[in-house]
Amino acid sequence: MILSSYALGANTAYIYIRGEYSWIVFILEKAIAEAYAQGWLGKNIKGSGVDLDLYVNPGAGAYICGEETALIESLEGKRGNPRIKPPFPAVKGLWQCPTVVNNVETLAAVVPIVNDGGDEYAKIGVGKSTGTKLISAGGNINRPGVYEIELGLPMEEFIYSDEWCGGIKNGRRLKACVPGGSSVPILPHYLVTKTAAGENRLMSYESLADGGFVSGSMLGSGGFIVYDETQCIVRNTWNFTRFYRHESCGQCSPCREGTGWMEKVLWRLENGQGKISDIDLLVDVAKKIEGNTICPLGDAAAWPVASAVRHFREEFEWHVQNPQACLERNYGLVREPAEIQPH
Amino acid sequence: MPKVKIDGFEVEVPEGTTILNAARQIGGDIVPPAMCYYSTLKGSGGKCRTCLVKVTKGSERDPRPMPKLVASCQTPVMDGMEVANISSAEVLNARRGVVEFLLLNHPLDCPICDQAGECHLQDLSFEHGLANTRYEFERRTFEKIDIGPYIKLHMTRCILCYRCVYTAQQLTPERVHGVIGRGDHAEISTFIEKAIDNDFSGNVIDVCPVGALTDRTFRFKSRVWFLNPMDAHRDCEKCSGKAVVWMYGGEIFRVTARKDQYGEVRDFICNTCRFEQKSPGNWTIEGPRQIDRHSVIGQNHYDGDTLTVA
Ligand SMILES: Cc1cc2nc3c(=O)[nH]c(=O)nc-3n(C[C@H](O)[C@H](O)[C@H](O)COP(=O)(O)O)c2cc1C
Ligand code: SF4
Ligand code: SF4
Ligand code: FES
Numbered sequence: 001m002i003l004s005s006y007a008l009g010a011n012t013a014y015i016y017i018r019g020e021y022s023w024i025v026f027i028l029e030k031a032i033a034e035a036y037a038q039g040w041l042g043k044n045i046k047g048s049g050v051d052l053d054l055y056v057n058p059g060a061g062a063y064i065c066g067e068e069t070a071l072i073e074s075l076e077g078k079r080g081n082p083r084i085k086p087p088f089p090a091v092k093g094l095w096q097c098p099t100v101v102n103n104v105e106t107l108a109a110v111v112p113i114v115n116d117g118g119d120e121y122a123k124i125g126v127g128k129s130t131g132t133k134l135i136s137a138g139g140n141i142n143r144p145g146v147y148e149i150e151l152g153l154p155m156e157e158f159i160y161s162d163e164w165c166g167g168i169k170n171g172r173r174l175k176a177c178v179p180g181g182s183s184v185p186i187l188p189h190y191l192v193t194k195t196a197a198g199e200n201r202l203m204s205y206e207s208l209a210d211g212g213f214v215s216g217s218m219l220g221s222g223g224f225i226v227y228d229e230t231q232c233i234v235r236n237t238w239n240f241t242r243f244y245r246h247e248s249c250g251q252c253s254p255c256r257e258g259t260g261w262m263e264k265v266l267w268r269l270e271n272g273q274g275k276i277s278d279i280d281l282l283v284d285v286a287k288k289i290e291g292n293t294i295c296p297l298g299d300a301a302a303w304p305v306a307s308a309v310r311h312f313r314e315e316f317e318w319h320v321q322n323p324q325a326c327l328e329r330n331y332g333l334v335r336e337p338a339e340i341q342p343h
Numbered sequence: 344m345p346k347v348k349i350d351g352f353e354v355e356v357p358e359g360t361t362i363l364n365a366a367r368q369i370g371g372d373i374v375p376p377a378m379c380y381y382s383t384l385k386g387s388g389g390k391c392r393t394c395l396v397k398v399t400k401g402s403e404r405d406p407r408p409m410p411k412l413v414a415s416c417q418t419p420v421m422d423g424m425e426v427a428n429i430s431s432a433e434v435l436n437a438r439r440g441v442v443e444f445l446l447l448n449h450p451l452d453c454p455i456c457d458q459a460g461e462c463h464l465q466d467l468s469f470e471h472g473l474a475n476t477r478y479e480f481e482r483r484t485f486e487k488i489d490i491g492p493y494i495k496l497h498m499t500r501c502i503l504c505y506r507c508v509y510t511a512q513q514l515t516p517e518r519v520h521g522v523i524g525r526g527d528h529a530e531i532s533t534f535i536e537k538a539i540d541n542d543f544s545g546n547v548i549d550v551c552p553v554g555a556l557t558d559r560t561f562r563f564k565s566r567v568w569f570l571n572p573m574d575a576h577r578d579c580e581k582c583s584g585k586a587v588v589w590m591y592g593g594e595i596f597r598v599t600a601r602k603d604q605y606g607e608v609r610d611f612i613c614n615t616c617r618f619e620q621k622s623p624g625n626w627t628i629e630g631p632r633q634i635d636r637h638s639v640i641g642q643n644h645y646d647g648d649t650l651t652v653a
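Those sequence lines, one after another, are chains A and B.
What the first sequence shows, in our numbering, is residues 1 to 343, in sequence order.
What the second sequence shows, in our numbering, is residues 344 to 653, in sequence order.
Calculated directly from the structure, the hints in this document are not laboratory data.
Incorrect hints may have been included.
As the list claims (entries may be wrong) - Calculated pairs, DSS-like style, for lysine-lysine (alpha carbon to alpha carbon, straight line, at most 25 Å):
{"id": "1", "chain 1": "B", "residue 1": "LYS411", "chain 2": "A", "residue 2": "LYS92"}
{"id": "2", "chain 1": "A", "residue 1": "LYS287", "chain 2": "B", "residue 2": "LYS411"}
{"id": "3", "chain 1": "B", "residue 1": "LYS581", "chain 2": "B", "residue 2": "LYS495"}
{"id": "4", "chain 1": "A", "residue 1": "LYS85", "chain 2": "B", "residue 2": "LYS581"}
{"id": "5", "chain 1": "A", "residue 1": "LYS85", "chain 2": "B", "residue 2": "LYS487"}
{"id": "6", "chain 1": "B", "residue 1": "LYS400", "chain 2": "A", "residue 2": "LYS287"}
{"id": "7", "chain 1": "A", "residue 1": "LYS85", "chain 2": "B", "residue 2": "LYS495"}
{"id": "8", "chain 1": "B", "residue 1": "LYS621", "chain 2": "A", "residue 2": "LYS85"}
{"id": "9", "chain 1": "B", "residue 1": "LYS581", "chain 2": "A", "residue 2": "LYS287"}
{"id": "10", "chain 1": "B", "residue 1": "LYS346", "chain 2": "B", "residue 2": "LYS397"}
{"id": "11", "chain 1": "A", "residue 1": "LYS78", "chain 2": "B", "residue 2": "LYS385"}
{"id": "12", "chain 1": "B", "residue 1": "LYS346", "chain 2": "A", "residue 2": "LYS85"}
{"id": "13", "chain 1": "B", "residue 1": "LYS397", "chain 2": "A", "residue 2": "LYS85"}
{"id": "14", "chain 1": "B", "residue 1": "LYS581", "chain 2": "A", "residue 2": "LYS92"}
Said to hold, decoys possible - Derived coverage of chain B by chain A (criterion: at least 3 residues anywhere in the stretch with Cβ under 8 Å from a Cβ of chain A; other residues may be distant):
{"id": "15", "segment": "361-375"}
{"id": "16", "segment": "574-583"}
Claimed, not checked - Residues of chain B clear of chain A, computed beta-carbon distances all greater than 12 Å:
{"id": "17", "residue": "PRO406"}
{"id": "18", "residue": "GLN417"}
{"id": "19", "residue": "ASP422"}
{"id": "20", "residue": "PRO450"}
{"id": "21", "residue": "ASP466"}
{"id": "22", "residue": "PHE469"}
{"id": "23", "residue": "ARG477"}
{"id": "24", "residue": "GLN513"}
{"id": "25", "residue": "VAL522"}
{"id": "26", "residue": "GLU530"}
{"id": "27", "residue": "ARG559"}
{"id": "28", "residue": "TRP568"}
{"id": "29", "residue": "VAL608"}
{"id": "30", "residue": "ASP610"}
Please read all numbers here as calculations on a predicted model, not as lab measurements.
Beta carbons are placed, not taken as given, at the ideal position from N, Cα and C, and that holds for glycine.
Pulled out of the complex, with its shape left as it was, chain A reads as follows (with noise of 0.2 Å):
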């Protein structure tokens, strides 16, 4: 951060950091203290004439408070609505001053950058997808953890090998991935290790994105999930829903009474109270909030509601027709629509 800082002519810095990670506002204040100690921060920093003050801020634990917008409110002390854009944080920001919000792994890239060079950090990874990321891996895989991958890494090897999750959990088999956290486009098995076009899939940003939102998904956040033929793609649609209601801050019609809305349909839907309308109304809602509202939490509530009719309309019309069935057991995996099959 003073690296960053410095480069942008920064002279105050905030790290904000949601309430519930207290134990790390403690460590992180620990080692400010100590920089001040040492002059790596205050005024004249190492007698360079350059002066960085660094707070740590806690948040209040709200989802929407990572929203830059939305962050910088908190910081200021009001609630966490984001801001309507423009002006952007870089041209009017926190305390209406140009600011810049970068996440903690963005800046953590600058120490190998600065240290061995840009052109060397470059040669990491895929195409433009250069570097590494953290992706946190959880779902149905026998080792899950955060890891740090080289972009580029094959979508197949990063599940089943050994190094990486280990395969799936009790030998089951793949059902589906959600490969950048609960906003991004689900996937299902026939589309997950390779694209509709044939290619292997692998862990970039052009690669996960290949197919746009028909048969593709996003990098996102990293937040990796993987789901068994033993999971239901309704009961997870609509816990990513009740998610984004409870967090949507609001301010906007469509994200505040649409996500509500989807939830109460998805949990009908899973309850076996559905109609088959009810599928075609998630897909027109999920239309109408996208797109149409304040930030992006608003496309973040509707792309996984979306994706998940689209890949398993199956299952939700199962769901439907079968409304004891579906208390009792679980759909298992969807059928591949022949003509996208993998050659």
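Chain A is fixed; fit chain B with the ligands onto it per the hints.
For chain B with the ligands alone, kept in the frame of chain A given last:
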């Protein structure tokens, strides 16, 4: 000065004017509806999304269209910009969606609501909504709360436009009135269940587009369309004293500030004028208030020559 074309009508406006305000200068049915923007409240707007429009040409210099629909109340015009409002099916469809969202948790019991007849949500759904609801769940409800002797808050009807929040913030230096909670469980609240006591607090009633904030001294006394709104003024040391008195026979039933054709107040009035001066002798009556054709009050009560057409 930048020139902008909205639904084919061109207008020249000062730098920094928003699309919405440029459209208002053109007037007529190309003006996007606005449920949260309020020209006299700093920071308002951007939230309800009813004013979404499509920018089909960004500007003379950069003619690319904007990728998403934008909130016209927040987006400044650029020279050469072209905007589609009612001429865009995409906009109308999105707006229908927004109206549906706003009505989702709103009780559909206008016949027992005090705001009926001057409710912007009623007008909006009449003009842009669907006849049926696709929502089959229980609506969100709250208990009614008295915030002070004069104001009743019925959160159940609130559309979270934040207008009252900006009004309260801009009238008093303290933060006493705001939003607590998030998402569809957010509510308007006086933070410590205390009354807003400020000489101008009554204005939150006028800025509220729906029946969430109502005048306790008037609640259920009469339907607004049975009353005759009259422009009136009095000498007041706190405010301009320019108001509208709503009369039936020789009696004043309520007092409000004067709203323009978009339902916006320019001259906020004080609580003394609003709540405590109900005797006709205290007012100089100027004459009947001109009601915008838009309002259902106008539909019932006024004949052609007292109507102003927007
Ligand atoms: C609803 C929402 C929540 C977000 N939460 C986080 C978060 O928890 N952590 C984070 O680093 N970025 C989060 N972001 C993204 C940030 O707004 C921002 O784009 C990012 O931190 C920029 O940093 P980077 O360019 O270094 O990645 C969130 C965005 C949205 C819309
Ligand atoms: S999209 Fe949702 S979270 Fe984002 S500003 Fe709107 S209501 Fe808040
Ligand atoms: S109470 Fe009225 S003015 Fe306040 S946010 Fe709700 S609808 Fe808007
Ligand atoms: S009036 Fe523009 S978003 Fe509400």
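Holds or violated: LYS78/A with LYS385/B, Cα cutoff 25 Å?
16 Å, holds
Under the criterion that the straight-line Cα-Cα distance not exceed 25 Å, is the pair LYS581/B, LYS92/A satisfied?
36 Å, violated
Please confirm whether VAL522/B is truly not at the interface, meaning its C-beta sits more than 12 Å away from all C-beta atoms of chain A.
The claim is violated: VAL522/B sits with its nearest Cβ about 7 Å from chain A, within 12 Å.
Does the alpha-carbon distance linking LYS621/B and LYS85/A stay inside the 25 Å limit?
It is violated: about 45 Å lies between the C-alpha atoms, which goes past 25 Å.
Below or equal to 25 Å on CA atoms is what counts here, so check LYS581/B against LYS495/B.
23 Å, holds
Just want to verify: ASP466/B was marked as not at the interface with chain A; is every Cβ pair farther apart than 12 Å?
Since the minimum Cβ distance to chain A is about 16 Å, ASP466/B lies beyond 12 Å and the statement holds.
Just want to verify: ASP610/B was marked as not at the interface with chain A; is every Cβ pair farther apart than 12 Å?
27 Å, holds
Verdict on chain A covering the segment 361-375 of chain B, criterion of 3 CB contacts below 8 Å
violated (count 0)
LYS400/B and LYS287/A: Cα distance at most 25 Å?
Holds: LYS400/B and LYS287/A sit about 23 Å apart, inside 25 Å.
Does LYS581/B lie within 25 Å of LYS85/A when you go C-alpha to C-alpha?
Violated, at about 37 Å.
Verify that the Cβ of PRO450/B lies farther than 12 Å from every Cβ atom of chain A, and report whether the claim holds or is violated.
Check passes; 14 Å lies beyond 12 Å.
No chain A beta carbon within 12 Å of PHE469/B's:
Correct as stated: the minimum Cβ-Cβ distance to chain A is 18 Å, above 12 Å.
Consistency with the previously given hints fails for numbers 4, 5, 7, 8, 9, 14, 15, 16, 18, 23, 25, 26, ordered from lowest to highest.
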